[in-house]
Amino acid sequence: MRTRFFPLLALLLCLLLAWPAAGSDEDKPVIADITLTASGGKLLLSAAVKHSFTKEMLEGVHNALPITFRFKVSLERVRSYWLDQSIAELGINHTLSYDPIRREYQVACSEKEQPSITRSLDEAQRMMAELKRIDIAQLTQLYSGASYILHVKATLEENTFPLGIHSIIPFTSLWNFETDWRVIEFIY
2 MRTRFFPLLA LLLCLLLAWP AAGSDEDKPV IADITLTASG GKLLLSAAVK
52 HSFTKEMLEG VHNALPITFR FKVSLERVRS YWLDQSIAEL GINHTLSYDP
102 IRREYQVACS EKEQPSITRS LDEAQRMMAE LKRIDIAQLT QLYSGASYIL
152 HVKATLEENT FPLGIHSIIP FTSLWNFETD WRVIEFIY
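Quick note: our numbering has the sequence shown finishing at residue 189, numbered continuously throughout.
Calculated directly from the structure, the hints in this document are not laboratory data.
Because the structure is a prediction, the values reported are computed rather than measured.
There may be inaccurate statements among the hints.
[Claimed, not checked] Heads up, simulated DSSO-like pairs for lysine-lysine below, C-alpha to C-alpha not over 30 Å straight-line:
| hint | residue 1 | residue 2 |
| --- | --- | --- |
| 1 | Lys-73 | Lys-51 |
| 2 | Lys-154 | Lys-133 |
| 3 | Lys-133 | Lys-29 |
| 4 | Lys-43 | Lys-133 |
| 5 | Lys-73 | Lys-29 |
| 6 | Lys-113 | Lys-51 |
| 7 | Lys-56 | Lys-29 |
| 8 | Lys-154 | Lys-51 |
| 9 | Lys-113 | Lys-43 |
| 10 | Lys-29 | Lys-154 |
| 11 | Lys-56 | Lys-73 |
| 12 | Lys-154 | Lys-113 |
| 13 | Lys-43 | Lys-154 |
| 14 | Lys-133 | Lys-73 |
| 15 | Lys-43 | Lys-73 |
| 16 | Lys-73 | Lys-154 |
| 17 | Lys-51 | Lys-29 |
| 18 | Lys-73 | Lys-113 |
| 19 | Lys-51 | Lys-133 |
| 20 | Lys-56 | Lys-133 |
| 21 | Lys-29 | Lys-113 |
| 22 | Lys-56 | Lys-113 |
| 23 | Lys-56 | Lys-154 |
| 24 | Lys-113 | Lys-133 |
[Unchecked claim] Derived Cβ-Cβ restraints for the label pairs, each shown as a range:
| hint | residue 1 | residue 2 | range |
| --- | --- | --- | --- |
| 25 | Ala-33 | Arg-104 | 25 to 33 Å |
| 26 | Lys-51 | Arg-134 | 15 to 23 Å |
| 27 | Ser-145 | Ser-121 | 40 to 48 Å |
| 28 | Tyr-144 | Asp-100 | 43 to 51 Å |
| 29 | Leu-59 | Ala-147 | 39 to 47 Å |
| 30 | Lys-29 | Gln-115 | 31 to 39 Å |
| 31 | Glu-158 | Asp-123 | 18 to 26 Å |
| 32 | Ser-117 | Tyr-144 | 32 to 40 Å |
Every residue, glycine too, gets a C-beta built ideally from N, C-alpha and C.
Please work from the sequences and hints to get the whole structure.
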């Protein structure tokens with residue numbers, strides 16, 4: 002009886018170790034829905050971060066801790082036998098805060114002059130995670146028929162918390178996220 006039990010136990014243990022961890026890469030933040038358009042003499046970028054909020058982050062926001070997403074965007078022209086030419090490098094910040102008295106969320110986006118205010122958490126999360134029609138470059142800076150590479154990345158800013166609160170609140174390390182670089186190659 003024992004001799005049959007050990008091979009079965011070993012097989013179950015191997016299957017258990019090979020099983021993917023719960024919430025592995027499916028819940029990892031990722032840049033998605035990237036769209037480049039040419040309009041009004043400009044190259045415009047739209048994109049969104051999927052899986053960007055955790056339960057702990059939302060609890061922190063509801064406890065008056067603002068959070069900031071920083072989007073990094075760069076555009077380069079690919080040149081054969083020479084270094085690639087940098088066309089644009091942008092840093093775009095989106096900051097979410099909550100007013101418990103008014104029960105309103107405020108999303109301040111560096112690409113807009115005025116912050117947006119909403120009572121809907123879902124809408125606030127969408128505004129935080131989306132880039133809409135961001136001006137990347139003037140079309141006059143691009144050469145027809147040339148190859149270009151667009152890089153996009155999102156990071157939760159570590160300096161979101163005031164006055165060294167990182168050392169006081171232990172769960173802040175759970176908030177850390179950074180997407181992988183998304184690279185889009187295209188010919189203009």
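Evaluation of the provided hints:
Proximity of Lys-73 to Lys-51 is assessed by CA-CA distance (about 16 Å); at most 30 Å being required, the pair is judged to hold. Of the supplied pair hints, the one linking Lys-154 and Lys-133 holds, its CA atoms being roughly 15 Å apart against a limit of 30 Å. Of the pairs offered as hints, the one joining Lys-133 and Lys-29 holds, with about 22 Å between alpha carbons and a cut-off of 30 Å not exceeded. For the hint linking Lys-43 to Lys-133, the alpha-carbon distance of about 14 Å falls within 30 Å, and the restraint holds.
With a C-alpha separation of about 18 Å, the suggested pair Lys-73 and Lys-29 falls inside the 30 Å cut-off, and the hint holds. With a C-alpha separation of about 22 Å, the suggested pairing of Lys-113 with Lys-51 holds against the 30 Å cut-off. Among the hinted pairs, Lys-56 with Lys-29 is consistent with the structure: their alpha-carbon atoms are about 14 Å apart, no more than 30 Å. This hinted pair checks out: Lys-154 and Lys-51 have alpha carbons roughly 12 Å apart, not beyond 30 Å.
For the proposed pair Lys-113 and Lys-43, the alpha carbon gap of about 17 Å is at most 30 Å, so the pair holds. In summary, the hint linking Lys-29 to Lys-154 is supported, as the alpha carbons are separated by about 13 Å, within the 30 Å threshold. Among the hinted pairs, Lys-56 with Lys-73 is consistent with the structure: their alpha-carbon atoms are about 25 Å apart, no more than 30 Å. Proposed proximity of Lys-154 and Lys-113 is supported: the alpha carbons are some 19 Å apart, at most 30 Å.
For the proposed pair Lys-43 and Lys-154, the alpha carbon gap of about 21 Å is at most 30 Å, so the pair holds. Proposed proximity of Lys-133 and Lys-73 is supported: the alpha carbons are some 14 Å apart, at most 30 Å. This hinted pair checks out: Lys-43 and Lys-73 have alpha carbons roughly 19 Å apart, not beyond 30 Å. A hinted pair counts as satisfied when its Cα atoms are at most 30 Å apart, and Lys-73 with Lys-154 qualifies at roughly 5 Å.
Proposed proximity of Lys-51 and Lys-29 is supported: the alpha carbons are some 8 Å apart, at most 30 Å. A hinted pair counts as satisfied when its Cα atoms are at most 30 Å apart, and Lys-73 with Lys-113 qualifies at roughly 16 Å. The suggested pairing of Lys-51 with Lys-133 holds, with an alpha-carbon distance near 15 Å, which does not exceed 30 Å. With a C-alpha separation of about 25 Å, the suggested pair Lys-56 and Lys-133 falls inside the 30 Å cut-off, and the hint holds.
Of the supplied pair hints, the one linking Lys-29 and Lys-113 holds, its CA atoms being roughly 28 Å apart against a limit of 30 Å. Between the alpha carbons of Lys-56 and Lys-113 the distance comes to roughly 27 Å, so the proposed pair stays at or under 30 Å and holds. As the CA atoms of Lys-56 and Lys-154 are separated by approximately 22 Å, the hinted pair is consistent with the 30 Å bound. Pair hint Lys-113 plus Lys-133 holds up; C-alpha atoms about 11 Å apart against a cutoff of 30 Å.
Between Ala-33 and Arg-104 the CB atoms are about 30 Å apart, so this pair conforms to the stated range of 25 to 33 Å. For the hinted restraint 15 to 23 Å between Lys-51 and Arg-134, the CB-CB distance of approximately 19 Å keeps it satisfied. Checking the proposed 40 to 48 Å range against Ser-145 and Ser-121 shows it holds: the Cβ atoms sit about 44 Å from each other. For Tyr-144 and Asp-100, the hinted distance range of 43 to 51 Å is satisfied, since their beta carbons lie about 48 Å from each other.
For Leu-59 and Ala-147, the Cβ-Cβ distance of about 44 Å falls inside the hinted range of 39 to 47 Å, so the restraint holds. A C-beta distance of roughly 32 Å is found between Lys-29 and Gln-115, which places it inside the suggested range of 31 to 39 Å. For the pair Glu-158 and Asp-123, the beta carbons lie near 22 Å from each other, so the given range of 18 to 26 Å is met. At roughly 37 Å, the beta carbons of Ser-117 and Tyr-144 sit within the given window of 32 to 40 Å.
Checked against the numbered hints given earlier, this structure breaks none of them.
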